[in-house]
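Chains as they are written, first to last, in this note's numbering: chain A, 1 to 137; chain B, 138 to 516.
The set of hints was computed from the structure by calculation and includes no laboratory data. Any given hint could be a false lead.
To be verified - Covered stretches of chain A (in silico footprint by chain B; criterion: 3 or more residues with CB under 8 Å from a CB of chain B, positions within the stretch not fixed): (1) 13-19; (2) 68-76; (3) 81-92; (4) 101-107.
Unchecked claim - Derived, one-sided and incomplete: chain A residues facing chain B with beta-carbon distance under 8 Å: (5) P8; (6) P9; (7) L10; (8) Y43; (9) I114; (10) L131.
What the hints assert, rightly or not - Far from chain A by the CB rule (all over 10 Å, computed), these chain B residues: (11) E140; (12) V343; (13) T405; (14) G435.
Here a beta-carbon is modelled for each residue, glycine too, at the ideal position from N, C-alpha and C.
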Amino acid sequence: MTRPSALPPLPRPYQDTAAYWEAAREHRFIIQKCRDCGEYQFYPRGVCSHCLGSALDWEEASGRAEVYSFSVNYRAPHPGFAEATPFVLALVTLAEGPRMMTNIVDCDPESVRIGMAVTVTFDDVTEEVTLPKFRPA
Amino acid sequence: MKELSNSVAIVGVDESDEIGKLPDVSLTSLHLQAVHNAVADAGLKISDVDGIFTAGQHSPAMLGEALGITPRYVDGTSVGGCSFIMMVGHAVAALHHGLCDVAVISHGESGRSGTGVTRARDTSLSGQYEMPYGFGGAPTYFGMITTRHMHEYGTTLEDWARVAVSTRAWAGLNPKAMFQDPITVEDVLNSPKLFYPFNLLNICLVTDAGGAVVLTSLERARDLKKAPVRVLGAGEAHTHRMISQMPDLTQTAAAISGKLAFERSGLTHADIDVAEIYDSFTITVLLTLESLGFCAKGEGGAFVANQRTAPGGDFPMNTQGGALSYTHPGMFGIFTVIEGVRQVRGECGPRQVPDARVALCNGTGGVLSSTGTIILGRD
Chain A
1 MTRPSALPPL PRPYQDTAAY WEAAREHRFI IQKCRDCGEY QFYPRGVCSH
51 CLGSALDWEE ASGRAEVYSF SVNYRAPHPG FAEATPFVLA LVTLAEGPRM
101 MTNIVDCDPE SVRIGMAVTV TFDDVTEEVT LPKFRPA
Chain B
138 MKELSNSVAI VGVDESDEIG KLPDVSLTSL HLQAVHNAVA DAGLKISDVD
188 GIFTAGQHSP AMLGEALGIT PRYVDGTSVG GCSFIMMVGH AVAALHHGLC
238 DVAVISHGES GRSGTGVTRA RDTSLSGQYE MPYGFGGAPT YFGMITTRHM
288 HEYGTTLEDW ARVAVSTRAW AGLNPKAMFQ DPITVEDVLN SPKLFYPFNL
338 LNICLVTDAG GAVVLTSLER ARDLKKAPVR VLGAGEAHTH RMISQMPDLT
388 QTAAAISGKL AFERSGLTHA DIDVAEIYDS FTITVLLTLE SLGFCAKGEG
438 GAFVANQRTA PGGDFPMNTQ GGALSYTHPG MFGIFTVIEG VRQVRGECGP
488 RQVPDARVAL CNGTGGVLSS TGTIILGRD
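Construct the complete structure from the given sequences, taking the supplied hints into account.
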């Protein structure tokens, strides 16, 4: 994605999510796994969404995912997206199970299809903030 | 529910003095006008009101202060645009148990002009996991939902467009509707492409408007100005908040809230004379019809074919012109109730569905996160 001259809205991490964003900055894609019930979850939380246990480990995810659904945005929702428009906003199902919102990049927006295999890639939006995104595998 | 519906009635409904583009009317004024008008419709006075129900920018406390009311029952359930439909069920329960005597459900929103509005909202999780990827308002999410439905069921852009066409035809019969000129499927398909798979005319309006609904005991209702409208069934549910957490993009919580409302009313789909379905997007309508069980999953497109949801059709739907063509300040739920009551009362003039005795109103909130369903009938 071309670097926009205006910045898009940036994440503001807090205690539950700080580790995720720190890892992303190092180009590592980590998600939480519950030590009690063994389930993965996304987005990061202080407790497990399956069993409400608090013993959560961060695991390096495979970075593999499949497009669950998408929309192509032909209008920039914010000045920070002006140069990237049209762009693909997508929900992807991670190989580990959870679903997350992301962008599908490095391809023609109109070539994206449901079921497409994608892999994580890292977009350094600023020196402090890196967004995990996905590109065709 | 039978016991509840035998003891409570809707007695007043109305919009704010005007709806549409109203840069000079604040959110508070929209609320107050709507409450004033709905209370007058009931033949009651503001000082009779002792139950306040509202969602959105104003808390019940703000509304109570503005109305000069010290309520003895308040409800600020806020789970999106369907909250006001849920509140009908809540008010019925509260009135039945004598927790208040006259309940007002109010909505006011300066959605288009932003007059008297604080724009700030909580974006802590959405701000981290959605906004940075280019959230463009609800259309981006509903676009993803639509894409998935097309993938699973082969629904077409023409199917969605037909909902916009029939809704506009109803709006043509409502002088309060923002857009009244008829449109065709081609007009919808040729309207600006903003978010695949949507064109502009698949997306609801953004307006300034208020609306209010007044309820009291059935006993008292029978002495008031207009024929009481009974709440025969009510149901509510929510399944998620953020769309990435939605269990199945093609099924809404209406599968739960609708089932509850039907069960509690003892009625079946065949008993429904008119349906008022929150049409935030054309997709919302088809998904809701499927989730409510009016047709099987994936068959919403076929269900609305041949303009059977248009005036004169055998499934009259969104008879005031809906959020797509009449008005939509942002949280439309209250307007489905207002129209459902007016249809059951038989006061809709040129758009009146002949002998409409039972109306179903369904609202959706958030990103298909929550739903409220009510079934209304004559006394």
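Hint-by-hint comparison with the structure:
1. 13-19: Contact hint for the segment 13-19 of chain A vs chain B: holds, 3 residues under 8 Å.
2. 68-76: It holds, with 9 qualifying residues against the three required.
3. 81-92: holds (count 6)
4. 101-107: holds (count 3)
5. P8: holds, 6 Å
6. P9: holds, 4 Å
7. L10: holds, 6 Å
8. Y43: holds, 5 Å
9. I114: Interface hint status for A:I114: holds (4 Å vs cutoff 8 Å).
10. L131: holds, 6 Å
11. E140: Non-interface label on B:E140 holds, nearest chain A Cβ at 37 Å vs cutoff 10 Å.
12. V343: The claim holds: B:V343 sits with its nearest Cβ about 14 Å from chain A, beyond 10 Å.
13. T405: B:T405 clear of chain A: closest Cβ-Cβ about 33 Å, beyond 10 Å.
14. G435: holds, 15 Å
Of the numbered hints given earlier, the model fails none.
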